[in-house]
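Starting from the structure of chain A, add chain B where the hints point.
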Amino acid sequence: MALVLNDEQAMIREAADGFFASEAPVSELRRLRDAGDTTGFSRDLWKKMAEMGFAGVLVPEAHGGSGLGLVAANLIQEAVGRNLSLSPFLSTAVLGATALAGASEDQQAALLPKLAAGDLLLALASDEASRHAPHLIRTRAEAAGNGFRITGTKTFVLDGHVADRLIVAARTSGEDGDRDGITLFLVDPKSAGVAVKRASMVDSRNAADIRFDGVQVDGADVIGAVGEGAAILDRVLDAGRTCLAAEMVGVSAQSFSMTVGYLKEREQFGRKIGSFQALQHRAAQLYCEIELAKSATLKAAQALDAGDKDAPLYASLAKAKAGAVARLATNEGVQMHGGIGMTDEFDIGFFMKRARAAETSFGDLSFHGDRLARMLGY
Amino acid sequence: MAEPLETFRGETRAWLEANCPPEMRERVLEEADVCWGGRNVRFKNDAQRLWLERMAARGWTVPEWPKEYGGGGLSAEEAKVLAEEMRRIHARPPLSSFGIWMLGPALLKYGNEAQKKEHIPKIVRGEIRWCQGYSEPGAGSDLASLKTKAEDKGDHWLVNGSKIWTSYADQADWIFCLVRTEPDASKHEGISFLLFDMASEGVSTSPIKLISGYSPFCQTFFDNVKVPKENLVGTRGKGWSIAKYLLTHERSSIGADFGSAGRDTAAQIAKKRVGTRADGALADEGLRVDLARHDIDTLCFALSMERVKDEAKAGQDIGHLSSMLKHVGSELNKSRQELLMSVFGSDGLLWDGEGAHDGDMAKAWLRSRANSIEGGTAEVQLGIIAKRVLALPDA
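Just so you know, the sequences run in chain order A and B.
When we follow the working numbering, the leftmost residue of the first sequence carries the number 404, and every step to the right adds one.
When we follow the working numbering, the leftmost residue of the second sequence carries the number 10, and every step to the right adds one.
Extracted from the complex, chain B is given alone in its bound form:
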């Protein structure tokens, strides 16, 4: 039974050994180490380009997507083997993108044949970089109250309005966007899911500077943007179900990120910085207790991720667990950053200095505070659990 899988493992190991450049087996240290693809892709070095090309050629940037659209066509078991073998040599992901995490799964489920043929292969190869047009200045947690409208002008849609918290909108090539197409329908009914080119006339972006000093988000404006009729995904006015499906994917991938092994735990970092007593225990007893509590939850979370995957594989319904994973994962990452700030003490307060990594710790801490805001706030997740899972009554 396990034999074909072991053959696959052997072949995969050999292929990775021959094709993963040594530079791509080093720890990701800075933003430029992550490849986001796109029309204006800037590779940090040749190795990064080569690694993306080689992996994309096999469809291994998205191992489980169907082969006919350029994906790897691997079974869940094979994809797990590939992930394990990549972890074994510390191989970096060849490509990171919202196309992979969010749009792709939604297009595969709701898109028509032409849309899949047009967009999926470019996501696989990292040729087009996507951004997500969801939140608006007046529609955050109450996302369905969004106002950006797309009017039916016969041969095209005319889009007007603005989006906020659009990640990397200033660097993205295309946007998948929630727009109101039926102004008279009820709040959840009149929304459609539209794809368009960010180079279209009337689209402009303005970066938002955050408390971390970074500007990963933009406000994005649409002023009489003409969008071809065929760019609407799924059924007109039924975009809310696509939006929710995609958010579920986003939530579980946000969760997945925080459960990832391979980086030093807060306790390991603390040991190096704070030192140990003769019996090997961390020198700071209070910190040690805090770290142990954090590790208990981190391990439980990692095991829950594993359990949910295995339950899905066994055909059990796991829909009710995605909000839970997003919520717990976000809280854990925040707690990790808080603990690291404690471990680093005054060094953690550094903002700008001579060293190449001065300020990283404080910025990572500040960045983490958004974990329980983006993709649905902690309060929204708890509300979803209360309503959908526990079936508690409405107010």
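So that you can see chain A by itself, here it is in the shape it has in the complex:
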């Protein structure tokens, strides 16, 4: 497949860029943060995103979605990155919808239309360690009644404080770090024994620590097969990683564009600072790095859409590279802005905060470098 956008995708990019720039620019992030908003995003915006077909971008048309695929989801997420727009897009439209792709027909019929309409929020409760370790699942689900009883603690559950349903990875057999024996469950956070503790993160997004204390779930709440949840979980994570990579490309590109703009404007020693070679070469280097990250990210989305067997490798590649690049781009952005870059009044700091949070989510450069080396046979 050609590594370019087709006409439909180019239109989606244009629509997404226009939409987020006008509906959810950086000033909106600042407003929500300053208001101490505990939802963490505007529900009106999410409704509009549903009307645009964004919420259902990964939901098949048969279930009321637009079924456009991950390349389209990436373009939406890249626009989100440029504008630092706050919404439950990643948790619900990407992670949630991808998890439900592995669910039963009944589960899909019950949940997907609501998701696409913007009426159902989902959150993935999988991580238990502060450094991403996807199969390190200590939360146990023991057979009880006509279902299971779940006990354990999940951390860094993105949008877990507002989700209508949690997708919980729990262990039904095996040892803590095993890939086998993980099962995915749909859990209503209002069930007895669920305790949700919201925390606001450095990037003004919300994540929750969630305790499950003998929470009773029905057999019908299992997603996929018992003990085989890792296959679905890995797909969900790879979709999330790829979209995060796209978001970080957006973060990098916007931060870079603001920085280059500043280099052309700011004068010191009687000249534009952008005329100094020390800064020119760093900017040019950064330009190269961002182009590299773009290529990897598009490839990862295409490979996942096509069900390519190398898709996990490309997902790791994109996440690793885009993460490193976003960190560099935003660090350089702050540095080149000088003192003003350290002020809360100026937007560049928001980009640096988001870059760090996005890189930390679902594996950073070290994690994905290791995973990639393993997949390449060393």
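Since the hints were derived computationally from the structure, they do not count as laboratory data.
Just so it is clear, CB atoms sit at the ideal spot from N, CA and C, and this is done for glycine as well.
Keep in mind that the hints are not guaranteed to be accurate.
[To be verified] Now the stretches of chain A that chain B is said to cover, found in silico as 3 or more residues with beta-carbon under 8 Å:
| # | segment |
| --- | --- |
| 1 | 546-557 |
| 2 | 574-582 |
| 3 | 638-645 |
| 4 | 662-673 |
[Unchecked claim] Derived DSSO-like pairs (lysine-lysine); straight-line CA-CA distance at most 30 Å:
| # | chain 1 | residue 1 | chain 2 | residue 2 |
| --- | --- | --- | --- | --- |
| 5 | B | Lys76 | B | Lys318 |
| 6 | B | Lys158 | B | Lys247 |
| 7 | B | Lys156 | A | Lys675 |
| 8 | B | Lys247 | A | Lys712 |
| 9 | A | Lys712 | B | Lys318 |
| 10 | A | Lys667 | B | Lys253 |
| 11 | A | Lys756 | A | Lys667 |
Chain B alone, transformed into the frame defined by chain A:
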């Protein structure tokens, strides 16, 4: 839609199967395995000669050049199929030359009909070996300050001056050369693009020995060399645009070289030499991290090459990416050689020994250091990106 292309693939596969000698499907191990053509061509064996003749007869030494000048006349899609089918059987390129990589594309764009008819077919068939007369002792990164002059003597140009870093000048038949024809014009305006025979009276070459021990470059001297008037390409005094166009080609082909698949990655080589732990991970953890970082960039670079090709095919402007590809490609090849030196440890330090390949590693490492100097230094590339792509202000 895809069917004619699949027919082409079938025919190409069958033709290659029948015509590519088995010796030409083996890995390139040494300089003599690469065929550079020219008047004094020395084929390593009959297979190499046969392979060049057969490919040249179809114009497949330059698959996408127009048929009327001896090229293959293939579409970009067909050329891609040919490349894939050649890769499939590990077929070597039948011919390597600066005529193919640099001069040909510039002549096709800027040359007149007579020049194309005269020179292109000989490039296609590997009959004439070209060298590039660009840099001068006083004009490296600041190429446009070159001083070699060509005076208009009515019926001929009289060339005086000298060039440096002329690759294989001592083995080349002709040179494409940047000369100053308008001494009073501004630095970029007075340059012309001239072609002449290296056998002309007054041309001499002197090889330069490098840190690698090799002498691929020469200093080249011109002492009252007479060049026919019709050998000037394009417009007199406008040679700088041709020079830049050609450098763009050189830059993307240098980049392309480093992205090439088919050779073992540094990590694969490391696995064989350093060994693995029980879980399959490389035994040396620090080296493993370095290799993974290198592979991340190498894969991203290969995908960027692919993206740029596809964007060009889709009609998008990709001009701004050629400096980026050259820069990243060069840095990656240097990093690969540095990593291989680490993988080889003290074995990598061997310079001369009993084995046929003793010293290869160190020499390849030393050779790679030139990657970010030749064809425009890394600093020049970054400067071009800063100025032309990012439009940062002049000093």
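To test your reading of the hints: which numbers does this structure violate?
1, 2, 3, 7, 8
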